[in-house]
Structures are given as C-alpha cells and as structure tokens.
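Engineer: Given next are the chains, with one letter for each unit.
6 protein chains.
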Amino acid sequence: MTTTSIEKPFNRILLTGAAGGLGKVLRERIKAWANIVRLSDIADLGAAGVGEEIVQCDLADKAAVLALMEGVDVVLHFGGISTEANFEAIMHANIQGTYNIYEAVHKHHVKRVIFASSNHAVGYYRTTDYIDADMPTRPDGMYGISKCFGESLSRYYYDRFGIETVCIRIGSSFPVPTTRRMMVTYFSYDDLFELLRCSVFAPRVGHTISFGVSDNPGKWWDNKKAAHLGFQAKDSSTAFTHLFPDSSAYPEKDDITTIYQGGGFLLTGPQYK
Amino acid sequence: MTTTSIEKPFNRILLTGAAGGLGKVLRERIKAWANIVRLSDIADLGAAGVGEEIVQCDLADKAAVLALMEGVDVVLHFGGISTEANFEAIMHANIQGTYNIYEAVHKHHVKRVIFASSNHAVGYYRTTDYIDADMPTRPDGMYGISKCFGESLSRYYYDRFGIETVCIRIGSSFPVPTTRRMMVTYFSYDDLFELLRCSVFAPRVGHTISFGVSDNPGKWWDNKKAAHLGFQAKDSSTAFTHLFPDSSAYPEKDDITTIYQGGGFLLTGPQYK
Amino acid sequence: MTTTSIEKPFNRILLTGAAGGLGKVLRERIKAWANIVRLSDIADLGAAGVGEEIVQCDLADKAAVLALMEGVDVVLHFGGISTEANFEAIMHANIQGTYNIYEAVHKHHVKRVIFASSNHAVGYYRTTDYIDADMPTRPDGMYGISKCFGESLSRYYYDRFGIETVCIRIGSSFPVPTTRRMMVTYFSYDDLFELLRCSVFAPRVGHTISFGVSDNPGKWWDNKKAAHLGFQAKDSSTAFTHLFPDSSAYPEKDDITTIYQGGGFLLTGPQYK
Amino acid sequence: MTTTSIEKPFNRILLTGAAGGLGKVLRERIKAWANIVRLSDIADLGAAGVGEEIVQCDLADKAAVLALMEGVDVVLHFGGISTEANFEAIMHANIQGTYNIYEAVHKHHVKRVIFASSNHAVGYYRTTDYIDADMPTRPDGMYGISKCFGESLSRYYYDRFGIETVCIRIGSSFPVPTTRRMMVTYFSYDDLFELLRCSVFAPRVGHTISFGVSDNPGKWWDNKKAAHLGFQAKDSSTAFTHLFPDSSAYPEKDDITTIYQGGGFLLTGPQYK
Amino acid sequence: MTTTSIEKPFNRILLTGAAGGLGKVLRERIKAWANIVRLSDIADLGAAGVGEEIVQCDLADKAAVLALMEGVDVVLHFGGISTEANFEAIMHANIQGTYNIYEAVHKHHVKRVIFASSNHAVGYYRTTDYIDADMPTRPDGMYGISKCFGESLSRYYYDRFGIETVCIRIGSSFPVPTTRRMMVTYFSYDDLFELLRCSVFAPRVGHTISFGVSDNPGKWWDNKKAAHLGFQAKDSSTAFTHLFPDSSAYPEKDDITTIYQGGGFLLTGPQYK
Amino acid sequence: MTTTSIEKPFNRILLTGAAGGLGKVLRERIKAWANIVRLSDIADLGAAGVGEEIVQCDLADKAAVLALMEGVDVVLHFGGISTEANFEAIMHANIQGTYNIYEAVHKHHVKRVIFASSNHAVGYYRTTDYIDADMPTRPDGMYGISKCFGESLSRYYYDRFGIETVCIRIGSSFPVPTTRRMMVTYFSYDDLFELLRCSVFAPRVGHTISFGVSDNPGKWWDNKKAAHLGFQAKDSSTAFTHLFPDSSAYPEKDDITTIYQGGGFLLTGPQYK
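Chains as they are written, first to last, in UniProt numbering: chain A, 1 to 273; chain B, 1 to 273; chain C, 1 to 273; chain D, 1 to 273; chain E, 1 to 273; chain F, 1 to 273.
Same shape as in the complex, but just chain A:
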C-alpha cells in the first residue's frame, strides 16, 4: 500500500535527457513531486527504480515523442545535445526534437513545460554587460541558436495555446567551478533544484525566461523579469574563492573568451577555424 504517493503533487512528471549530466542529478530529487517519474533519453538509463518509468527514445522521432507524453502532467525538457556540435546533429535533436515535444504537449493537453535553455543563447554579450531576459538574444554557436529556437517556439505555444513554459538559461551547473568564468556562472545543484521547484509549482508562470545562476559576485544576469517565480539562490561561488586567488594575469586585449560571456564555447565546434 502506497499512501505516501497519494500525497505527491503530480501523478506523472516527464524528465527528458535523464541520462545527461543534470538528468542524473535530478532523477532522484524530483521523485518528491510525482507518483511516477517518467525518464527518457536516447542513451541507456539503467533499470527503472521504484516510481520510475524508463522510455528510451530519440526526440527527433515524432511518433515516439507523442507516445512518450501520454499521461504526463508536467515536463522537464532537458533532452537533446547539450554542447556545441555540428548543425545537422543539433537540428535533429534540439530543433526537430523540441518541436516534437511541444506538439506532443499540445496534443496531450499538458499545461506546463520547464525547458532547459542555456546562457549560450546570450553568449555574445560582453563580460562587462549586465543583461535581463528582455534583451535581444546573442547566441554564441549552433547550440545557443538552438536554444533561441526553443525559446521562440515555446513563446508561440504560450501565445497561441496558453501552454506555459519556464525557459531556464542555465549557467554552469557542476559540483565545483573549474575556471574563473565559472566563478561567475556557477549554478549549484541545490539552486537548480530550487529554481525547478519554483518553476513547476508557481501558480502562474505564463512564458518566463529565467537565468539559472547562484548568487555569485559579479554575475552578469538580472532575473527581474522572472521575479514572479520567487526563486532566491541560496548558494554562491564565494565558497570556492580560494581556488582562484587574486591574480594580475590580465587576459590579452583580443582574447574573445574573456571579452564575451560565452567564454571558451566561442572557440569550439565545427564553425571555428
């Protein structure tokens, strides 16, 4: 007898990209929110645990995605390619894939999606800029462009059909910052989880773009346009200050990885020569 599951807010939550870096982090944590957690990835997800459903599927497969959405109450869309790659691969996974998610969401009357967007949607702002979510996008590669696409697409589904989405432009969600840039973009797992909680449970979110970042000194992103989510970061990269002592090694004037927010990403991928 599982009386406890009755008390969970949702019956079924879908997490795409569950085999990815953040997917693995979230897999356990989100069990508190739903009786059933449906996990999806193109990669192997291991055996289903208690309260889990495993669906291995390619997001670019429209019929598979439609089936995947059956009986789902809310979606955490973390699937697709999560780094710079060649355009066709990104188009397949992130453009066709995200379209398939929204068409399935629409057909199955799912009310809300949390979409894992990325800071690389605005990576061509300067590191001396302080930006908010209403400023024009400045993607720093094919990956960032695909995230801009997802933000446009989800905006349309909200304006046209009232399907709510929170787009989270995730900074650097890792256990520990490993570069100076990550001291600015660090997003702790606990803060990520809290922002997801706010995004999933706020009564109304409309279409919201929120930057996913901890309370780091020098952060570039102003979350005022997402104030209604009620997210308050608890962590800060100051916990790691000792890893990056004060240094006079100023970067070169023309080092674009420090001029622009996107950092090293600007030099990756097939577009760079």
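Any given hint might turn out to be false.
Because identical chains cannot be distinguished in the list, a pair is counted as satisfied if it fits within a single copy or across any two copies.
What the hints assert, rightly or not - Distance condition first, Cα-Cα at most 27 Å in a straight line; then the derived BS3-like pairs of lysine-lysine:
1) 111 <-> 24
2) 234 <-> 224
3) 62 <-> 107
4) 253 <-> 107
5) 111 <-> 253
Quick caveat, the hints were computed from the structure, so don't treat them as lab data. Nothing here was measured: the structure is a model prediction, and the numbers come from that model.
Position chains B, C, D, E and F relative to chain A; hints supplied.
Structural biologist: Below, chains B, C, D, E and F without anything else, positioned relative to chain A:
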C-alpha cells in the same frame, strides 16, 4: 511632570481611520513619535488614552476636517473606505474626504502627509509582471480608482505648494497570509510600522510612491523609486510557507483572479455581474 | 426619402458638452458619421437641426445619463467643466459626471468612448521636457486632477469590461494662438476633427491616451503610444509665427508659468493665493 | 564591348527565391546593381536573360548551396517557404536552407547578406503596440519561428565572423492592400526596392533588423534601430484609403486576428484547429 | 536716424571665434538680432563694420574675457580650437577659455549662452548606433574631451546659477559634403543659423544639448531631448547624392574610421601613432 | 631572503595622492598586492617603509609623471585636489595632472588604472533620485567638473587604446558619519578596500564607473552598471543610527543642501556668494 514627552520628535500627529484594521494596529505604536496622538474616525474610537485626542468625524465634512487639522505636525491618512464599494460611497469618503484633508493640510501649513494608498491602484497588472512606481496606474475597481485620485491630488499639492507626501501602496497587511496571493503581497505589521517610520522621519521625501510589502519571494513590486526612504523589510512570507504546500492545482487559463495582481478584488463590488 | 443617411457609418452618436467651445465646432462636422447626432449639455443647445436630438441634462444626474445613453453607438464625451474651478463643482460635473457616463455606457453595451481629457493632466512637466503618454501624470490643478480621474476610470472599464476609450489630452484648440505658449500647444479644429475621426473609426483602440496637438515646432508631446490611431496632424502653428516675432524678453527665472507646461493655469483657481 | 557593365557596383549578386512573388518583382530591378545576377529557386525560373545566371536548386541541399555561392559578392536571400506550412517543410527549407546559405557565405567570404525576414516574427504583439527591433520576438506560427531562427543565425555569423546582414521584416508587399490590416502593413514595391538599395550599399550595416513597411498611417513599427540605413519610405497606403471607407463595424472583442499584429496568419497552418 | 536698430531684439550679442570657419559665416547673419554685434577672436578680424565691435583677445586671458563680456546680452561661444590638437593647447583655449567665458557671464549677469560643442563629444559611438543627448559621452580625442568639459561646466552654471545654455553638437557644417561620412553629418549653414535662432529666442531653454545636423538620411542623432527648441531642419544631404554614387567598396572590417561615428578624427592628433 | 614577495600578484603598484586622507588609509593595506608600492604625493610622505618607494612630485609636471610611471603595473590614482577649490588650482592638479597620468600610462603600457572619481560628479541630482552610472553627469562644483573630465578622459583612453579604468565615485569615506547626509553616502574603509581589490583583480573591467558606497539604507546609487566587478559591500551606516535619532526638524523647502545629493558642497568654493 512629563519630561519624557518633551523628547518625542513631534508635538502632535494625526491618524485618520484610527478605528480601522490598520488604525488599531498603529494607535499604540505611533505614540513614541509625538506628545499627542490625535485619532480620528467616523466610527467610535473608545476613550482617549494618555497622550491621545479623539475626534469622531466624517472626512467628507469639510469644516470638521479643517478643525481636525488644527495644531497637527504630520498626518497619517488611513481614513476612508478601505475595500471595494459603490462609487458614491467611495466618492464621498475617499475623493471628497481626501480633498478635504489636503485643503486642511494646506491651510494649516502641515508639511507632510503619509497617505495609505493601495496595491489596487495597480491591480490590473499581470501576476507575471514586475512593476515600479513610475509605470501607469491600472486600478482594479472603484476603490483602486479613488487611490489613484489620492496619488494625483497629493502630487499636485507637492508640485504646487511643496507639501510632501509618501503614498504607500499597501499590499496585504494582516497577521497571517490566508491565500496564496497573500504569500506575495504580505506586509507584516512590523514592516508597515518601519516603512511609516522611514516615511515620517526621512529629511526629504518630496512626493514618493512606495509599495508596502515585506520581503516575500515572488513579489511583484520594485521599490527603487522609493529607495531614498531607506526602508528595508525585515519580514517575509516564507515564515508561512508551510501553510501553502507545493501543489499542482494550476488555476484555469481564464481565471482573472490569478492572471492579474488584484486577485479576488476583481470580482467584488457593484460593478461585477 | 433619405437614402444618404443609410450610408452613414453609425446610427446614433452622442456628443456631451455640445454647447461648449469645442462642442459647437463639432456639432456640424460629426453629422457625416451618424444618422442621428444626439447632443447633450447642461446649457441650452437651441433647436434640434435635421438629424439632431437635443437632450439638456446634468451629467451628475445618474438617471438622466442612463436615459441619455439609450440607443447610442459611440460617445464623444466633451461634457463637464473645462477650466479650473472649485473642487466641489469639478467633482460634481467631472468626477460624478464621468462615472455616470461610464456606468451608462456599460449598461447600454456601448463599445467605445472618446474622452476629452486635457494637457492639464500633465501640466507640471517642464517646458523643456518631452513626454509620452506612459509617463506619470502631473496635474496642474483640480481640473487636471479630474482628467486624471477620467483616464483611470476609463482604463478600468477597458481592463474589466473591454469598453474601449481614446483619451485625448487636448492642447489649445482655438482658431488662433493668442499667447507664446499656444504656439506650442495649438490644436487646429481640422486636426481635432481628424484625430476624432481616427479615434472613432480605427478598428481597435483598446485604451489609448493621445495628445491632441497640431504639428507645431517645439511641441512637448510624443504621440508614439497612440501611433496605431494613424493620426497625422496637417496643421501647424507656423502659420501664426508672424504674431510672435523673435524677442529677447526672457521670462524671469522663477516664473512658473513658463517653467511648467501648464502655463497660466497654474495661477488660476481657488487653490492659488 | 560592354563598357556599361564595368560601371555596375558589383560583379555578381545572388537572389534566392527568384521565382517567388517578390523574387519576380526584383529580378529586373536589381540588374542595375551587378554585371551578373544569379537567380536561384527550387521552382522553374524560365530562361536566363542578358546578364542573368539561372541555378535551380533546393536550399536544403548543402553541396548545391555551396556551389551556388561561388563568385558571389552579395546575397539577397528571399528563398524558402514564405507562408505558414507544416513544421518539417519549414525546417527543411527555412532552417536547414538558411543555415546552408550562411555556411556557404562564410566559406566563400561573401561580406553581406540581405535576409528576407517577416513581420510574422513579431505577429503576437498587439495592434495597439508600437515596437522596435530590440524588443523580444513574438512569432505567430512556424513560419515566423523560422524567421526568428534566421535572425539569430545571422546575428551569430556577424558576431563571430563579421559577416554583415540586414534582416528585413517585410510587411505586406503587394501591389494593392486588400484588407484593412494591409493598410497598416503595406510595403510598396518601390519602397522595398529602396530599402534593399540602402541595405546593399550602406558602407557599414553590422547586423541590422529593419521593418519593411511604407509610410502608412497607424503603422506599428519604429525603425529607429535601423536609422543608419538611411531608408526613407516614399509611398503610403493613404493612396488606397478610398478602398476602406470609415466603418463602425468594430471587430469582436475576442477576434485575435485584430487583437494581434499577425492578423489572419494566426488562424492558418497545421497548428490551428 | 536709426529707427530700425531699435527694433532689433537684443542690444548687444557677443560672438567668440568670429574669425573661424563658422564665425565668418555667422558674422553677417546675426546682425539681424542685435544693435551691436561684438566679435572676438585671437586672430585678426579686419575692420569693424556698421554695428560691429571688434575685440581681439585670447580666451585664456581671464581679465580680457571679463572685459569682453561687459554689456553683453547673449553669447554665441564659437571660440577656441576647433580641431584635434595637443592637449596643452586645447586646455588653454577650450578648458581655461570656456571657464573664463562662464565666469564672465556669471559676473555680468548674462542670461544665456549658445555653446558650439561638437559631435566629437560622442565620436566613439558606432555608425550603426542611434543616440540621443542623454546617453553617456564618448569623446574621440582631446578636442572632444574639451567639448564634454564645456557641456559639464555649462550644466553646472545652469544648476547652480540658472544661466541657460544650449550646447550644439555640430556635425559637419560646410558648403558641400566631401566624404561619405559627411553625407550623414552634413549641417547646412541655413540649418545652423536656424538652430541658433531657435536657441537664442526660445523663451526657456534651461540646459539643452542639441545635435546640429540637417535632415540627412541615415543620421545617427535623435534630437528628441531638444524638441522644445522647435528646430526643424530644412536641408538634407540628399542634395549631394550624385557626388557619392552607390558603391560596393565596403570598408575593411577593422577600419575604425567607419566603425565609429568620429570618422577620420580618430586617427588625427598627437595621441595617434 | 624574501620568498613571500614573489607570491604577490603585482611587482609594482603606484598610489598617487598617498599623503591624502584615503592615501594614508590605503598605504599599508595595498602592500599585500605588490612587491613594491610606489607612493607619490606633492606633500611629504615620510620615510619609505619596507617594500615602498617614495616619489614626491607635482602631477602637473609632465616629465615627472612620465618618470613616475616607469615600471608600474597598475595605478591607483588618488592624487590631485580632493575638495572644492578655485578653478585654476583644480585645472592644474586634476585636469593637467590626470592627463599627465594617462599619457604616462599610455607610454609605459600600463594596462589598468583605478581612478578616484567622486559623487560630486553627480551632486546635482536630487536626494529623492536613484541613479545609475549611465545617467548624465550633474557636477556640483569645479571639483566635480574635474572628476567628469577624468571620467571622459579615461573613457577615451579605453576606447582608443584599450587601457582599462575603473572610476570610483567615492561617497564619504571616513571612520564615522558626522552628518545625516553621510548616513546615506558613508563608505567604510573596508568596503573601499574591497572595491579597490575587485577593481584591480577582476580579469576584465573595460571602462567601468562604480559608486563607492557601503550598503546604507536610503542610498541614492544603483551599481548595476558595475555588477561585473563583483563588489559586495559588507558595511552599513546602520551601525551609526544611534548618532542620528529620528527627528521632525524638516529642512526648509529651499535648502539646496538637502534638495540635491551634493549637500554642503553646493555652498562652498569661490563660485558661491
């Protein structure tokens, strides 16, 4: 011998609406600010305590209000109707009444008024908006419209005669939030009292509109236009989070009480059918 | 046989304040728009012409206004007091009166109102300011405050009931500018009529605030928030430049009638001593 | 001997989508700009005229597009699907296709592209809004989303490689407005050609988004962010005012085709039911 | 008998820099404004004509400037160095010199100054930017910095003493544009004279910064912050379009004289190597 | 053997104005940042301590300043006159002096300067204003004007040569606030030192203007334009609240020292009578 009263900042402070919900809360607290607290209401105020003067009066009675202002140093104008009502009643109490207050203030050379405005002056902004005090008003009923009137009127008395006013757009000032909306709009009594203190004692306030709200997560109002008051909320609705557990019960798409900030107020009053 | 009247866009248009300065100007011109022009004023309107209905009434008389609205398709609300006056008179005619208009409009399902607001709703901006309709109001007297009230009220009726209003902040609509200030605020009758035409016939206006001013050099008002009306002024005060030759007679530093846009209005009315 | 061709500014200009509605209009006109006009479409283009090269090709064919770009100095990218359609078709032609164009442009060191974007990139703004090119996109369908993609992509190629693009959000470029909406969005062929000329020949354009619209009364779009192009519309829909006489037939309150700028487009395509 | 001079608006106007390029242009034209035109320069000014007073003086000579201001009603301050030069020369003529002017103006109770500032106060904005007078200055050399100084200084004299100034950021005021950049910055002599007239005779100007530019296509400067001056350019560089035919000769990506508004100025002066 | 000095981030740091109030405070503290601290002032600096170099020099002496910069890695420019004074003295020390610093910085290829600007660059904003670093300057005297000059000059050296500067508009950096105004402008020595640390060690600062102020209630300055520095004030004037008890002694309406942010400074200096 009353040497202590000599040390109080003001000789006489006037509190209108002293029999109302917030009036009762303030009656004791503001004694620290003035040798004499003059209390006024259309309703019975009981017996005058030490350092109190009781004046029962209808704010729409011009002569009575003129007399009420005699010898007053500063005014806390909390009088009038504080909820949605039919227009004529509101015009009588809040429009004619507030005009009478300002004419009396002008004639008696009072230098400053703290005016209890309301969040319902902007209740038709969306719950996903984040607004500041320079944005156009969006009243959500006759009550809210009368508060817009008070803000316009007091602006005029400042521009024309230099009479200073702080308009406080009060959120929900109650002991405990009783709805999800109040988790956003909660304004603790201590925070209300502190904002009043800042408003009364700041050396210069000009004409300032400040949102009266505690430091609640997800709050809709940016107080940067009132930064010079120096108000810093100490309380937060997070103290009551346990009363409103995470829930998947999303409101209906067309439920205007969750689409707009004004909440249930939008459905009250004679205007609604 | 009156086949021509069949081709007029509306069956019945209501013009309040028809005996006033602008009312008289409009009385003939608007006949092109409706089979029947209902004219209302507290003052005598003379005999009804062809296609006219005359209703003498006090706008503060709720029942009379309700009757006045019977069978009306669209309202040009020019009634009430159109200059600075004592507050009670203004409250009676402009606050109670305008409320009565909107309640009648609501009860009779009229879809659109054109409201004669005034530049005196923003008369306390400086003559070196350039403002648009989203900036906070700065009324310069009781008259201006009553116009702010009308703008708030009509906004509410739009947000709550979908009743559309165009508020026209009329500058100086006279045959000829008679002061230097009027060289800036001049609004020719032809331009007034054209702005009314745009306001009445644009398919959608929502709630719009438009400045009523001709294409005068040095004008203070940016109409971009009313761009969708499609109004383009044809006239300009340059036609009267010869009346105000270049002069070195700079006003005194502390002459508020030239510091603020409201001009001489700032020194009128019972508030001034 | 053809000395005149020597005087043309460019050697070779590429026009994609040359068989489309606007492609046909431009085919003759742009001959003045280049010795050779290379015309491309997936549809038949007829025989090559003097100074023309014809290349029938599918923009989704990467190799074909790479070959198409050989020897090109400047590109007018009007190709792809120009109306609402199912997503896969749009992804093929407009997303893969535009990517192919930019990769070819990059590989062949072409310096500038004029990209035919669309007002449907912002079709979910209201008809009472007045917007500029820095405001967030609000696409009104799959077609509009593909145009947002093209704008993001071209921005990246500018930020990363310095390839300049002018994105023209074309309104309604037809000989005559056939709906009331087109009175607002009308873009005459002459104005289109002039905006193209400005875009092609301005010494520096960086990455610019310009609204393609004539000088129509009531237009929704502020081109100040593209002021440096020097475009000044010569035509106006006022030439067609007689086709749309003043009418009192206000649209229904919930008619989204008049609430939003996108108009009838909002109800087309496979997404609508 | 000179009855005509009695009708001139001012008794005495002072023009500094009267031997300079624009000084010579203005010398005759401004005679219509004053009975006496006092002309000053460090260079020779020739013989005084009818209604002229000639004062040769170094603006850096405080006592001389104080004497120069005796009996003056209004000042057109065109003196100092008007091109890039070494800092000490500029400090002498433009910084010390302009300070001397304002101290003399203050001591002699002159009410208004028209200050010839320069577009080089903002020369480091991009040629794809569209700026207004409230945006931060971006000087492009020592000359531009000295103009920023003059704007700061005159602002102070207004805020502190009420002395009014119009700062005109002059574009390129020459008979004919001789470079492509001048097609954007062209400021005809007639338009210069008209802007001066507006600046001198507007009843109130406070402290105003106005861009001095004709109505050229593609101009970079939005004069809305100076709208109250009532200046409307009559001329345009389109009169010279034939001098600069359409050309495909795009500038190099790193050619800063086309990236930034300051143009060739960026490469002049002792600071450049 | 001094192995510890090898670990210091810089080899040599230059502090100008080292004998001034803040210079003395910083002299010891900044030793942690560099093997050698070069101290400069026009006044006597006492004997050089360990790791110190003493250079007495007049900043207006170009050759001396050029020599002073030899071998310097980073500059803290606190030299010059730090209060209102007559213009010629300020021009000598602050205008010529700061120019000399930047020319020397340029010639010696120093990469970064921290420039002690002042809140008096914006002292003519109102005490009810809340401003950020992009708003136009409003200097309140000759001293403030010289700081505006330094900000313009350093902006130029960044735009033209890539030399980075952080301009710190210092509030009131003293041990204890001694006036009510200083409760708003207080900048503790620890917070000053921390802001300097952020300014010196942030990898990229471009040209940044930051307000130097502790986390005081009611502060007038929004540091969002300097967010990338990562500065977070630790102190607040609330520690001194007991020194300024609540008081009803409102300042006079026309007391400009409380109307404007500059305070008593507005009444000092030779300009005031």
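Engineer: Hints numbered earlier in the text: which of these fail when held up against the supplied structure?
Structural biologist: Of the numbered hints given earlier, the structure breaks none, since each of them holds.
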